[in-house]
Structure formats: C-alpha cells, structure tokens
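Engineer: Each chain, letter by letter, is given below.
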Amino acid sequence: MLPNINRRQTVSLLLILAGLLLFLLLFAAHQEQKGVAFAGTDDLAAALIKEGGGAEKRWFSGIGEGPGDLEGPLFVLQAALGAGIVGYCLGYLQARRQEVEAKHGDN
Amino acid sequence: MTTGGRKRWWPALAIALLLGGGRIAWARPQTMHIMEGFLPPAWALFWFAVALPFWLLGFRKVRHLVQQQPETRLLLGLTGAFAFLLSALKLPSITGSSSHPTGTGLGAVLFGPPVMSVLGTLVLLFQSLFLAHGGLTTLGANSVSMAIAGPLVACGVWRLLRHRHGGWAIFLAATLASLVTYLVTALQLGLAYPDPAGGMLGAVAKFAALFALTQIPLALAEGLFTLIVFNSLASGATAELALLGLGPTPGAE
Chain G
1 MLPNINRRQT VSLLLILAGL LLFLLLFAAH QEQKGVAFAG TDDLAAALIK EGGGAEKRWF
61 SGIGEGPGDL EGPLFVLQAA LGAGIVGYCL GYLQARRQEV EAKHGDN
Chain E
1001 MTTGGRKRWW PALAIALLLG GGRIAWARPQ TMHIMEGFLP PAWALFWFAV ALPFWLLGFR
1061 KVRHLVQQQP ETRLLLGLTG AFAFLLSALK LPSITGSSSH PTGTGLGAVL FGPPVMSVLG
1121 TLVLLFQSLF LAHGGLTTLG ANSVSMAIAG PLVACGVWRL LRHRHGGWAI FLAATLASLV
1181 TYLVTALQLG LAYPDPAGGM LGAVAKFAAL FALTQIPLAL AEGLFTLIVF NSLASGATAE
1241 LALLGLGPTP GAE
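If you're matching them up, the sequences are chains G and E in order.
Residue numbering for the first sequence is 1 to 107, as defined by my numbering.
Residue numbering for the second sequence is 1001 to 1253, as defined by my numbering.
Worth double-checking, as some hints may not be accurate.
Stated by the list, open to error - A short list of chain E residues far from chain G (calculated; beta carbon distances all over 10 angstroms):
| no. | residue |
| --- | --- |
| 1 | 1049 |
| 2 | 1050 |
| 3 | 1052 |
| 4 | 1056 |
| 5 | 1065 |
| 6 | 1112 |
| 7 | 1243 |
Said to hold, decoys possible - Using 25 angstroms as the maximum straight-line C-alpha spacing, the simulated SDA-like pairs for lysine to any residue come out as follows:
| no. | chain 1 | residue 1 | chain 2 | residue 2 |
| --- | --- | --- | --- | --- |
| 8 | G | 34 | E | 1093 |
| 9 | E | 1061 | G | 2 |
| 10 | G | 103 | E | 1235 |
| 11 | G | 34 | E | 1238 |
| 12 | G | 34 | E | 1077 |
| 13 | G | 103 | E | 1220 |
| 14 | G | 103 | E | 1213 |
| 15 | E | 1061 | E | 1077 |
Hints were generated in silico from the structure; no laboratory data involved.
Where a beta carbon is used, it is the ideal one built from N, C-alpha and C, also for glycine.
I would like the entire structure built from these sequences, with the hints used as guidance.
Structural biologist: Here you go:
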C-alpha cells in the first residue's frame, strides 16, 4: 500500500519538518553563544578514544591535501547539486502527471 | 508544452536555492563518518571484505536496471541525488554535536539494498576524494554502515509494514535506516577501540550513546522528508513504481 497523503497533510508535514529544522538551528545558535562548538560526531569519537586510553593511530592521512577553505563551499555545491537534481526529477514527474490528467480530461 | 516546461524547472531551482542557502547558513566543515586512517588496517580490510559482495551484487542490479528497465533511470538518478543531498546537510543536534542524515532509505525501498550499496558508496567516494570527509581506507566501513546496514534495515521495515500503512512504513524505514547507520558506526569503532574498563561492549555503548542520541532528531527529519518525497513519487511515478513492484500497474483494475 503506497502512501496517499493529500495536499493538506503534505503541507502539515512540511511545516513540522521546517519547525524541527528551525528548532535545531535556533538551539545551535543559542548554544554557540555559550561556547558549545557543535563538533562533528567523529571528532568527538576521536576524543572519546583518547579519553579511554586508545591511541589515535592514523596510519594513512589521505591522498594529497584536503580542500582547506573550499570545504564549506564544496559541501554547499554538493547539497545544491543534489537538491537541483531531486527538484528537477520531482518537477518533471509532477508535470508529466498533470499533462496525462489533462489529456484524460480532454478525452 | 510551454506551461509544462515552465513548471518543470522552478521546483528544482527553488529547492536548490533553499537547501543551498540553508547549507551556507551552517557551513562549518567538519566530518561525521569514520575519518581517513582512523581504523586499524586489519579492521579496514575486514569491512572492505564485508562490503565487497554487496557492491558486486549491486553493480549487477544497476546494470540490469539500466539495460532492461530504462524507464527507471530517472528514479535511479533521483535516488542517488537524494543521498547526495542529505549526506551534505550537516545539522546540529540537541546533544551539542552535529551530524548529517544519510538519504539511503528512499533508495532502499525503491531499488533494494544492493543498488543502494553502490549509490551510497559513490556518495562516500565523492566525499572522501574531494571533501576529505570520511576516507578511502575507511570507505569499506563507512559503506557498510551507511550504504548497506541502513538500507537493509529500511528494506526490512518497509516490507514488514507496507501492507498495513504505507506512510508509516516509509517514515519508519527512513528514520531507522538513519539511526542504524550510526549504531553500526558505533559498533565499528567499539570493535576497533575497546574500552580499557568495559571492553568492546563498553566501547560500543559509549560510541552508541554519542552517535545515536545525536542522530535521533536528524533521523526523524529524514523520515519526514523521505515520506514527502516518496508520496510525490507515488502520484507522479506510478508507472515506474509498478515496474519496480511497488504499486499497481496504471490502468489495471
């Protein structure tokens, strides 16, 4: 049984999602003022390992240097590319559905 | 056709701008997967060996889809882009750390875990090569957690619940896939770095408390977003979903 969510329910879900994301961002902004850094979980995992006495033995540091200052913009580019493709695909499918429905309506 | 053409591009632009802008707002480049060189060589090789059969099966399935069911290529591209998008969205969590969704639940439900193992690994490979996020030596381990374990759970939950309530099935599939990804990461780190006092189990519990709690709100958000996208596919891609065995054949009574 596929989901069959109507437009009102979709809008409600979008509002809940937006509210959740907004809460997280506002919470983060508030906590950052108190000095909380919101480090990535694997940075914290590395700290946990060191606390437990395990040595962080990085036996390989990667090929070449990291992107440095470009890392943030590259993540933005990744997100935008992904969003663009997702948006295009969904838009194409919905437009196709509307054209089919219009043709059936004409017939 | 002009009206249809005009309708086709603006959702893409709107979503790209919205999420690109949102990503800029939280552009603090830090990593969430197991970092490069972080796993001892033996464990790194072990996880590659675990991932390899899934990759081989996944490549075969992707090739079969592209050649035998070319109508599903659009959904295949959308699935890969969905994982590409969500894995780039680093978000803060209530625990004071940050993480990102995985985006693998959608593809797991549509195409199954083997195909998602390939698509998810490609995302991880891109990030490790160009963004220093994750790593090449840890690609096997990260693939097992994000591209294999998560999709397996998503697929299982979907198959268990789909006949009763499709909406809850897709929501829970995506949410639990995201959570399980990081529980498996906790397991991988716990096995490689046992706690001096608590041993492997103690270390796994410690890492799980860090990863899983952080991931809960993000997993819920991912579940909601996946449900919305899947619902859009259910109305707009009925023919493709029927080909994949996920819905009635259009026009059938």
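Engineer: Confirm or reject each hint.
Structural biologist: Going through the hints against the structure:
Every C-beta of chain G lies more than 10 angstroms from that of residue 1049(E), the closest at about 18 angstroms, which supports listing it as non-interface. No Cβ of chain G comes within 10 angstroms of the Cβ of residue 1050(E); the nearest lies about 19 angstroms off, and the non-interface call holds. No Cβ of chain G approaches the Cβ of residue 1052(E) within 10 angstroms, the least distance being about 20 angstroms, so the stated non-interface status holds. At roughly 25 angstroms, the least C-beta separation between residue 1056(E) and chain G is larger than 10 angstroms, which holds for a residue marked as non-interface.
Every CB of chain G lies more than 10 angstroms from the CB of residue 1065(E), the least distance being 16 angstroms, so the non-interface label holds. For residue 1112(E), the requirement that its beta carbon stay farther than 10 angstroms from each beta carbon of chain G is met, with the minimum near 17 angstroms. Under the 10 angstroms C-beta cut-off, the non-interface status given to residue 1243(E) relative to chain G holds; the minimum distance is some 14 angstroms. Our distance criterion of 25 angstroms between C-alpha atoms is met by residue 34(G) and residue 1093(E), whose separation comes to about 15 angstroms.
For the proposed pair residue 1061(E) and residue 2(G), the alpha carbon gap of about 23 angstroms is at most 25 angstroms, so the pair holds. The hinted pair formed by residue 103(G) and residue 1235(E) meets the criterion: a straight-line CA distance of about 16 angstroms does not exceed 25 angstroms. At roughly 50 angstroms between alpha-carbon atoms, residue 34(G) and residue 1238(E) are farther apart than 25 angstroms, so this suggested pair is violated. A hinted pair counts as satisfied when its Cα atoms are at most 25 angstroms apart, and residue 34(G) with residue 1077(E) does not qualify at roughly 42 angstroms.
Proximity of residue 103(G) to residue 1220(E) is assessed by CA-CA distance (about 39 angstroms); at most 25 angstroms being required, the pair is judged violated. Distance restraint check for residue 103(G) and residue 1213(E): the Cα-Cα separation of roughly 50 angstroms exceeds the 25 angstroms cut-off, and the hinted pair is therefore not satisfied. This hinted pair checks out: residue 1061(E) and residue 1077(E) have alpha carbons roughly 14 angstroms apart, not beyond 25 angstroms.
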